[in-house]
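**Student:** With chain A held as given, fit chain B onto it using these hints.
Residue numbers (the working numbering), protein chains in the order written: chain A, 1 to 424; chain B, 425 to 970.
In case anyone wonders, no lab produced these hints; they're calculated from the structure. Bear in mind the structure is a predicted one, so any value in this text is a computation, not a measurement. There are no misleading hints in this set.
Pairs of lysine-lysine, DSBU-like flavour, derived with a Cα cap of 35 Å:
hint, chain 1, residue 1, chain 2, residue 2
1, B, 843, B, 930
2, B, 726, A, 306
3, A, 318, B, 890
4, B, 490, A, 43
5, A, 305, B, 901
6, A, 306, B, 901
7, A, 412, A, 268
8, B, 847, A, 306
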Amino acid sequence: MALEDYRATVKRCSRCSYCKWIPFAHVKSWRFAKGCPSIEFNKFQSYSASGRFAVSLSLLEGRISYTDGLLDIVFKCMLDGSCDVSCKVCRYDLEPVEVMRQLRFKLIDDGQFPPQDIPLIDNLRKEDNMMMKSKAERGKWAEGLDVKDLTQEEAEVAFHVGCRLCYDEELWRIPRTVVTLLRNAGIDVGIMGRDENCCGGRLCDMGYRGEFIKYAENNIEAWTTAGVKTVVTACSDGYHAFKRLYPAELDSKFEVLHITELLDRLIKEGKIKFSKTVPMTVTYHDPCHLGRRGEPYVPWSGEQKKIRGQVLVYEPRKPRNNGALGIYEPPRNVLRSIPGLELVEMERNREYAWCCGAGAGVMERYPDFSSLTAGERIEEASATGAEAIVSACPWCERNFIDVINDRGERMKVYDIVDLVREAL
Amino acid sequence: MALLREVYEALEDIVGPDNITEEPATLDSYAYQWIAELVADGSKFLTRPEAVLLPGSTEEVQAIVKTCNRYKLKFHVYSTGWGPWAAAPTEGQILLDLRRMDRIVEIDEQNMFAVVEPYVMAGQLQAEAMKVGLNNHISGAGAGTSVLANAACFQGGGPDCIYFASPQDSTLAIEWVMPTGDILRTGSLGSDLGWFCAEGPGPSAQGVIRGALAGAGGWGVITKVAVRLVHWPGPSVMPIEGTVPAYNSTLPENLFRATFPAFPSWQAFADAVYKIYDSEIGYIAHRQFIMWGDELQAAFLKVVTDPTRQLCDLKELLEMPEIQQLTEEMRRNFQLILVGMTQRDLEYQQKVLDHILSETGGWNVALVDEPAMQRYVLLYMIKLCFKNLNFTASGSFLDTYNTIASPDVWASEEMETVKELMKKYAGRIVDAGEQAMGPLSGQAGGGISGWENFVFYDPQDPDSVKASMEVSDEGDKIKAEKGRPPGGMLLGLARGTHGDEEIRAKKLSKSPEYRWQRKLKEVLDPNGVGSGNYFWGAEPSKEGKK
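Here chain A stands alone, though its shape is the one from the complex:
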């Protein structure tokens, strides 16, 4: 598919603004009613999904040409999918996230990218990561761990750590705990260590589809060689890439589990038992790429037809991908099972959660916008009375930690894995 294939779609937007808000059924206050960080902090209509439909059509019709302003409009968005959920409360034929992805692909294909990308892509090409680190450092997080090296031996389960957890030393405790938990639960798990590749998911959301394909092919080949059946990750970017993008682009067949799904399963099976209480009130932040954008990929081939004259239908039935099938309950089940822990919800949760601000390259390209978005979430978390915000993605956690430190706030930040470890 290409942007051109969505020409009809971008003419059918009703310009109603639902994409800017959480689903109106869920509005509980004036303060936390908004859903889209891009329009909230950049203000002009073009920074909404509806606005980007207009911009896409304008570009397709040759009404506008490439400018710095256009690049800002296209790329200053986390592709968090809030717009997609709210739009699809009423619309069965529009695909806001898909249109915005295709718009990015077109710009990148046409050589249009923000200048901030130059060092990131340089480092990616030299060192296989956009964390501005060397490939040689990638496996340092696992030093001293007793775990299979998938480059040398086979295992049923590959634990894909991902760029953020590999290179963010403050977060190394998370993958190290995951390895210990899985091994103690009797799971045949291995890692790629120094030779692990970027998942490519963030690259894809940034618009670099070709680069993404390259990394996806490498990962699939490496897992196949290592006899891997299941890929586990503690990163929501990675989860989204493996769960949705790999099957969509490369027909990958691996079982994909986020660590919270696996922990939920292991707790229910009695393979993880808690012996300590964790007396704390926490609130859970749904990572966008695990929640509404983390729905399983279901292949579809068909066409749009009209019945009763002009009613638009897909035949055969097309998966809606409206956020209904994201991963929402497993992380909550894990938290609820921890003795002494009280879980309170933020106003915006599950499929209509507010984004952390880190996704789709915004953290790297537009750090101020990214921080504002994270700050909004911290304010929402604080409003619950919780003493900590818990997530299931290192990108969310890094953004929250930085904003809290910058603002001198007292909110603590945990990964679910941290709390499981504390309760053992």
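**Tutor:** Same frame as chain A, but now just chain B:
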């Protein structure tokens, strides 16, 4: 035609560099509109503004308007910006997007009113009002529309008027930046006595600003408005359950009940509406689901209340005997939401409704008594949070043969006339049957009734677009033959705003309302900098001479 740098810099000085833009992509996002294709030769784009500004306060708005007067620069203004009337009518205009003015200034619980800025959505105010046992009117366009625009700038009526009153009766004091840049504070606010009254003590401008249809952004800029609130006996936060998009809400059964009264004839329907007025029951009264057509509404309800269903299921559903039976039961139905301030109150209202149904030979469609349907309908009608299901079938809608009249109109043969009209175009528009959606009452306690007959069309299919206009115009023609005023509202407003002088001239010649709007415009906006709207169009002075 770009703005002169001197003008741009003067405007930039007011709002700051981050709140003004001339970026072409952004300007096009403001030109892109719903139903634009009807008046822009099939294009989704209306006129590009020269620049877009995001003022953050009344003072900034005033400074912008004064600057416009100084440079004879036209400005167009909007809140949510939904609809073709929100786009600049002609070239050479700047556009004021009021999204930064988004505060609920005050909710006066004791005196039951709220004061809001332009970018407060009805759904936001409702969430805050419910926390203190109150509720606000939501226009028929739904929870995602501006409270201020509905109160002071548009007709703004909706399903709840039977209890909440019409917007013209609910709008209290107003803060108004007039087209000259002067600020007028109306009603009690004009005497520094607060926001509680539209008419005084202090200057009353209710008839000018608000009237029945209001000025659609052509009277300068309304920057704050006070609106009346009503009692809300439900929970402070409506509990929401269900899987997206089939959300629903469980409300106390002893205080809330959704009903679908239906009738064997249009005469019985009309009789029941009068009896509902007389007995003063009901919190919300509307023909809502008929928007999908009397032939499709039952099947559509099954789709939207089941998250696993899609529109491709309509074919299968329409062949099911139980859906066919339901379709027949629902033909002449409306949605009546009974809300009791006490349990006894609800019981009384239910008894009255039962009596009315018995007297008129009507029935309550059993579907609505299913618990899941109760939960869905209550949420839908109270929050008006699914109003964009209007767009679900084909991507857009227009209207034809709209009617505002006494309830007798339901008993006229016109319902069948409009149904025949729709059938004639079926195929090029959605073949749905009778789609006369509308409130049972536009006034508190009852008084006027009517419908907005939807025409579902595909906005990217040129023939469907053409058919929607043909059916709208033909509906107008038939109405004219019957001696009724024009009734294709959306097409008329779109044409009126975007330059169809012929249409406007026709209206000006026939309607004293339009002529007075023109006269007032010339007095209030001597430099002609306030934008055109559907009353006086893009070039008012030219039309004024006609």
